[in-house]
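Trainee: Protein chains in written order, with the numbering used here: chain A, 1 to 292; chain B, 1 to 151.
Treat the hints loosely; a few may be bogus.
[To be verified] Below, simulated DSS-like cross-link-like pairs (lysine-lysine); rule was C-alpha separation at most 25 Å, straight line:
1. A:Lys65 - B:Lys71
2. A:Lys263 - A:Lys5
3. B:Lys27 - A:Lys135
4. A:Lys135 - B:Lys68
[Unchecked claim] Cβ-to-Cβ under 8 Å is the rule here; a few derived chain B residues that face chain A:
5. Tyr55
6. Tyr69
7. Ile89
8. His90
9. Val91
10. Asp145
If you're looking for bench data, these hints aren't it; they were derived computationally from the structure.
Where is the CB? At the ideal position from N, CA and C, for every residue including glycine.
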Amino acid sequence: MERYKPIIQDWEAFKKECQNKEAIKTVRKNPLKAGEDFEKRLFEKFPEAEQSEWNQDVYRLNSNKSAGKSMLHWRGDYYVQEESASLPVEVLNPQPGEKVLDMCAAPGGKTTQIAAKMNDNGLLISNDDSAQRLKSLHANIYRTGSSSARVTNYDGRRIPKEVKYDRILVDAPCSGEGNNARRTFESAGEHEYENLSEIQQKLMENAEKLVKDNGVIVYSTCTFAPEENEAVVEKVLEKTQLTLESIETDAPHVRGVEGFENKDFGSEMSKTVRIYPHHLQSGGIFVARFRK
Amino acid sequence: MPGSENREKIQVEDAWEYLNDRFGIKKEELLSYKIIKKSGDFWLTSNEEEPDFEYETVGIRFLRDTGKYIKPTTYGLQILGDKIKSAKIHVSENELVTLLDGDMIERELGIEKGYVAIEYEGRIVGCGLYKDELVSSRVSTGRADELKNLL
C-alpha cells in the first residue's frame, strides 16, 4: 500500500484504520420489508446502534453481535452492507418507474438498494456474468423482497442493446484493495491493474451504448488503484460522448486524484469521490458519475 | 382445497383468484405488480414489460403449482405482509419452535383446509398448512433451521 502514500494525505490515519482487522458493522434498512417499528426492533437487538449522519437508511451497530444472525436479517428488514458501499446507489439516485441496469450485480447489496430506492416499481435488470455468484444474488433478492429485479447472466460487455436505460450502475470487477487492505495491507500487481482496467473500460463503453440520452451512469470500484479509477474515467471521457458530473455528498470523502506516478488525469477528476477506510471505519470506494 | 383445479387449467388469473379467495387480497391492491407463469410456477414482479432477454429469474417465486394445488412461497407471503386478511395464524415463540421442529399445533380457524400465513411478533414469517384443525410448517428446511437458531 506504500505506493499510495503520495496520494493519501492522512496516511497515518489510513494505515492505523487498516490495522483494525474488521470494519465497523453496519446495516442498511430495507424499506421494502422493514415495518414502521424498524428502529424499535433494531435498538432492541443492538442497543448501541446509531444512524449514519449522511445516509438515513444506514445504521452503525456498535456491537460485537453478528449482524447476519438476527430475525431482522432473516426477514430481510435490513441488509448487511458497509457504509461506504451504499454511496454508489445514493449517487445513482434511481427513481420509481425507471429502467435501471445493474451491470455487475452479484452478490446483490447494490441491486437490492436500487430496488428499495425505486420502491420496487420499475424495470431493474440485475446482471452478473458469474453463474456461480448468481446463487447469492438470488438469495438476497428473495430475502429482501426485491421483486422488480430480473436476473440475467450476460458478460457485461455484451448485454443486448434493445433497451435504453434511465440509469446504469457499473460497479466494476476490481482488485478489491479497499477491502483487502485490512487483511494484507498489500496492493495488487501491475498486471492485475492492466487486465482489470481494460475490462472496466469495455464495460463503460457498453454502458454508454445502453443508456438513454441524458441518462446517468455511475462507475464504482472498491479499490484504491488510480489505474482502475481515475485512469478508467479519463479513457471513458476520451472514447465516449459521456460527460463527468461533480458528486456532492455529505459522506466524509476526498476528491479523485489528478495525477499518480507521472500520469496526469486532469482537473476533472476532482468531480469524482474517494472514500478511504478511515473516513467511515469502512471499506474503500471510488465513485464517478457520468451523463450522456 | 382452493387452487386444486386440474394442472393444465391453473393460469395467472387462477393465481389472482386464489389470492383473493384464500388470503383476501384483491388484484387492485397489487397494482404495481404482475404475476407471470414460468417453469410451471408463478412469479411476482413489478408491472413493467420485460425486454426479450434470456432471464435466470424474473422477480420472486410467489406461488408454486404442485400439480394438485397452488402453494404460496414463504418469500411471497412475506411480501404480501399486512395485506393478508384471512388464512393467517398468530403464533407464540413456543408454537413457532414447535412448527419449525416439524411438529403440528392446534388451531380452529373456521376456514377450508389449505395454506396459511404464519405470523410471529406482528410479522409474516412463512407458509403453513391447515388441515383437520392442525397447522404444520411449510417453511423450507434450510430457512426453518436458520430461523430456529435465531429464536
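Trainee: If a hint holds in the structure, say so; if it does not, say that too.
Mentor: Results of checking the hints against the structure:
1. A:Lys65 - B:Lys71: violated (36 Å)
2. A:Lys263 - A:Lys5: holds (16 Å)
3. B:Lys27 - A:Lys135: This hinted pair is violated, its Cα atoms lying about 31 Å apart.
4. A:Lys135 - B:Lys68: violated (29 Å)
5. Tyr55: Nearest chain A Cβ about 6 Å off; hint holds.
6. Tyr69: violated (21 Å)
7. Ile89: Where the cut-off is 8 Å and the nearest Cβ of chain A is about 17 Å from Ile89 of chain B, the hint is violated.
8. His90: Hint on His90 of chain B: violated, closest Cβ of chain A at ~15 Å, above 8 Å.
9. Val91: Since the shortest Cβ distance to chain A is 14 Å, the answer is violated.
10. Asp145: Hint on Asp145 of chain B: violated, closest Cβ of chain A at ~11 Å, above 8 Å.
Hint compliance for this structure: hints 1, 3, 4, 6, 7, 8, 9 and 10 are not met, and every other hint is.
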